[in-house]
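Protein chains: 2
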Amino acid sequence: MTKILIVGGVAGGASAAARARRLSEDAEIIMFERGEFVSFANCGLPYHIGGDIKDRSKLLLQTPDSFLARFNVDVRVMNEVIAIDRQAKSVTVKNLIDGSEYTERYDFLLLSPGAAPIIPPIAGLDNPLTHSLRNIPDMDRILNTLRSNKPKHATVVGGGFIGLEMMEAFQQLGIKTSLIEMAEQVMTPVDREMAGFVHEEIRNKGVDLKLGVALQSVEYLHHQNSQSLKLQLSNGESRDTDILIMAIGVRPETQLAKEAGLRIGATGGIYTNAQMQTSDPSIYAVGDAVEEQDFVTGNPTLVPLAGPANRQGRMAADNMLGREQSYQGTQGTAICKVFDLAVASTGMNEKQLQQSGTAYEKVYVHTASHASYYPGAETVSFKMLFDPQSGKIFGAQAVGKDGVDKRIDVMAVAQRAGMSVQQLQHLELTYAPPFGSAKDVINQAAFVANNIINGDATPIHFDEIAHLTDEQLLLDVRNPAERKNGNHIAGDINIPVDQLRQRMHELPKDKEIIIYCQVGLRGNVAYRQLVNNGFKAKNLLGGYRTYKIATA
Amino acid sequence: MTKILIVGGVAGGASAAARARRLSEDAEIIMFERGEFVSFANCGLPYHIGGDIKDRSKLLLQTPDSFLARFNVDVRVMNEVIAIDRQAKSVTVKNLIDGSEYTERYDFLLLSPGAAPIIPPIAGLDNPLTHSLRNIPDMDRILNTLRSNKPKHATVVGGGFIGLEMMEAFQQLGIKTSLIEMAEQVMTPVDREMAGFVHEEIRNKGVDLKLGVALQSVEYLHHQNSQSLKLQLSNGESRDTDILIMAIGVRPETQLAKEAGLRIGATGGIYTNAQMQTSDPSIYAVGDAVEEQDFVTGNPTLVPLAGPANRQGRMAADNMLGREQSYQGTQGTAICKVFDLAVASTGMNEKQLQQSGTAYEKVYVHTASHASYYPGAETVSFKMLFDPQSGKIFGAQAVGKDGVDKRIDVMAVAQRAGMSVQQLQHLELTYAPPFGSAKDVINQAAFVANNIINGDATPIHFDEIAHLTDEQLLLDVRNPAERKNGNHIAGDINIPVDQLRQRMHELPKDKEIIIYCQVGLRGNVAYRQLVNNGFKAKNLLGGYRTYKIATA
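So the protein sequences, as listed, match chains A and B. For the record, in the first sequence the residue sitting at position 533 is 533 according to full-length UniProt numbering, with numbers rising by one throughout. For the record, in the second sequence the residue sitting at position 211 is 211 according to full-length UniProt numbering, with numbers rising by one throughout.
Okay, chain A solo, but in the shape it has when bound:
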């Protein structure tokens, strides 16, 4: 009779326990969870705080009792595994309620301890108004502070998923909110110019967004009937705030694994092979605590996301019970709702490509989420990164109010399948006016990419516009009405695309014409006209829309 012990009862651990039972009726399965809750919806916590999810009990997907009834799993909450004896194949468990300790033997041990919020060494952080958010007790503490302190101002430090979601929750509750992010952008999986759309949305909703600013110190002010915090920021400003959320990131929980002498990867996560086996073949590890392989580069990486954790848990159970499953790397596919926007990405971003010294090209497309003549169409701003030689897909990013998840899903599948940008031209996606376009966002991006690969387009990018020389001439091919209120690039001239054939003689043949329009489509029409008439030209990919948000 196989005995399986599982450390951690949320995504990866719970998936493994359920799968293990489905595979074996007679395995003994014990799941230890040092907290009070198992299998809770940690991705839902900010939405309960913000009021979208009214009912707290909806976050509790399973209980120890329900797990026992359905899966015959012995779930021991408030029981912490504090040591592993690999020789004896046993663990020491501490009962956190009465402090007693005991040991359990295992045939297989699964580590799914998750990751813990990073708390930076900032003076004054240890106070009753400062919280992180990782589990149900964290959430309850935040809700208690909201009830007792009735904050008028909240501050969130960190512009990742949880930071953005907590910012939105506070704004939704009518609490004036500051978001403090040390980097020059929120949502680091996308590149800065794509994050620009998110910055715009955040500011439009009235959030006090500070980029490139760090929290330096916190002072806890306790008066007779009130308490608050005074925050000092790295830019010299300060904020008086009533609740502070620290959401700068997480680090893998590896102490138990380290003390047991298991191999820890270069990124600080527990090392596993593709079968989710640690350096000890009887011990598996999954989820936020493990080091994964990047799907594109094969390099080790940390991807603390729910999808990989769930699938890894299932696979670890398969492998413990004689099925053979290999985890096939993580693309880091991610999405975040930020007020009315969605921002999403898969694969590598431009920052990572630059760091790794990889040769790449990029295209931008801004086009309607569905047929523009049908109500409700919204612009999808889409960026695709690829190898200009082979057409290999490196990554994709999208921002918009509609259809963002769908486009990144399409790219995530295409990338995982090893499709090239040439093949993306042929994708046959659902089309009816309420859902898409006959030439979808992805087809259009593929057309632009292939024009570059085939030499039918010569791109220029927004960051090159500041460095134009006297040998170049900047040409806006939009209509004059679109240029109003300073909505154009200084130093340009304007000939609308539909007048270009008649007015081509106004342009010099000895200069390179740098063409731009609103999103790059008319620019391409103008580019082809000029080049086919013997001009030298380049077209600004993504047009003025990309340029403006990138240089804002």
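Rather than coming from a laboratory, the hints here were simulated on the basis of the structure. There may be inaccurate statements among the hints.
Remember, identical chains collapse to one label, so a pair may be satisfied in a single copy or spanning two.
Heads up, simulated BS3-like pairs for lysine-lysine below, C-alpha to C-alpha not over 27 Å straight-line [unchecked claim]:
(1) 3 <-> 536
(2) 58 <-> 484
(3) 536 <-> 509
(4) 401 <-> 54
(5) 54 <-> 205
(6) 401 <-> 484
Chain A is fixed; fit chain B onto it per the hints.
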């Protein structure tokens, strides 16, 4: 100087014209359109009639003037190409305004004539209240009838895309509507049980839906101040109606091609090779008029949809002007909005697999469009067809109120990329509570499929339940509350899954236990318990939900 003539100025023709000009500034390009309009949004026509698209001009994407200004294309509306002289490489054109005829020489000719509505030989159809819908004048005629006749009752014959959209348009206008469909289901790209959800939606919205019923004759009744139609149906019923839309399908417009001696395929569409070249290398053809290759089988097929037409037009232009592009077959990816539902599919359906004698397996999943604890989640009903040996994806179908387009897009990409259902397990799709689930619909369907392939699940399907023998026992593992109001299968017994371990002794070991639950998930848990305890068992895939809609 290359001279390109294009017959037909909508999707395929217009795409080809624009692409040709971008590739060559000095090509002479003439586009003939026998109608009054080019490049109009034919997919939008029903939505203007129903009032979703208020502004008629939004349907006119381009005009001859705008085409000339931007692409220097000579657009000749009300000019019909009536003959091709392949020897002389010229066409005879009839000016439909003055009746004059003239010839134009070509280097390359592109045929994009589209398809025409099929009008069956039914007595009495030729009357002022009967319309089809294919272009702007058809739409205007329908709008005129609506204005002048103020119909209280409308009848639509044919439950394809246009029929369903017109049915919805009429209902939306407050007109009581009958939908008459000769087959036992609407929306033939999906299988009948999946169409069942659509039938339910249609009936719930108050439409008089008649399946398996044909229109037999029409009588035009003209009184003093009113006119109406009396319809005789094949089931003996009749309907008094005030407007009749015939939408039973389209057939390729091939007369011109036939008369020119071009090869016509077995399906009745113009034959082309993968480069969109007809049997005459100087003549290309694209869109609804051509025979395409089915992506899965390689067999010839007709797929009158906008996406393929647009991409084929672009490719034909590429090939005429020295680029090399091959069309890579059509999956028939399609979607239709039916009131609050979307119904979509890609690849082959079960009917086609049965006809072709292909061995296949199928799985059903009914699961939430995004995290069920986050507001707005709707059930996606998903069917996947695959090769139980190789795991090759044959096709997929989905119905639901949210997230249907996304799931079929994912499947369309996966199928085109040649992914297997094994690989679908590893898909890493966007997940945050407002957008998806950590285990997406597609991952879940892949898990079910792989359980079957690996021998970890033995499925039974809804159509086998009627043929159970005395050697089989039907077991409902849902809770008693779910069985109320007759919501269970006659002759079953009920043991809730969470009581099964304690009550397993109630079950006979010599019979095969046929397990079912609501959607198949708890059924699988019960199946694993029983099989691992030495019982013979099968699990009803898709559960009672699939069974109920399939047998309704």
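Going through the hints against the structure:
1. 3 <-> 536: between (72 Å within a copy, 26 Å between copies)
2. 58 <-> 484: Result: close only across copies, 24 Å inter versus 50 Å intra.
3. 536 <-> 509: Close inside one copy (7 Å), not across copies (82 Å); limit 27 Å.
4. 401 <-> 54: Both ways: residue 401 and residue 54 sit 24 Å apart in one copy and 22 Å across, limit 27 Å.
5. 54 <-> 205: Intra 23 Å, inter 31 Å, cutoff 27 Å: intra-copy only.
6. 401 <-> 484: Cα proximity of residue 401 and residue 484: one copy only (25 Å, versus 41 Å across).
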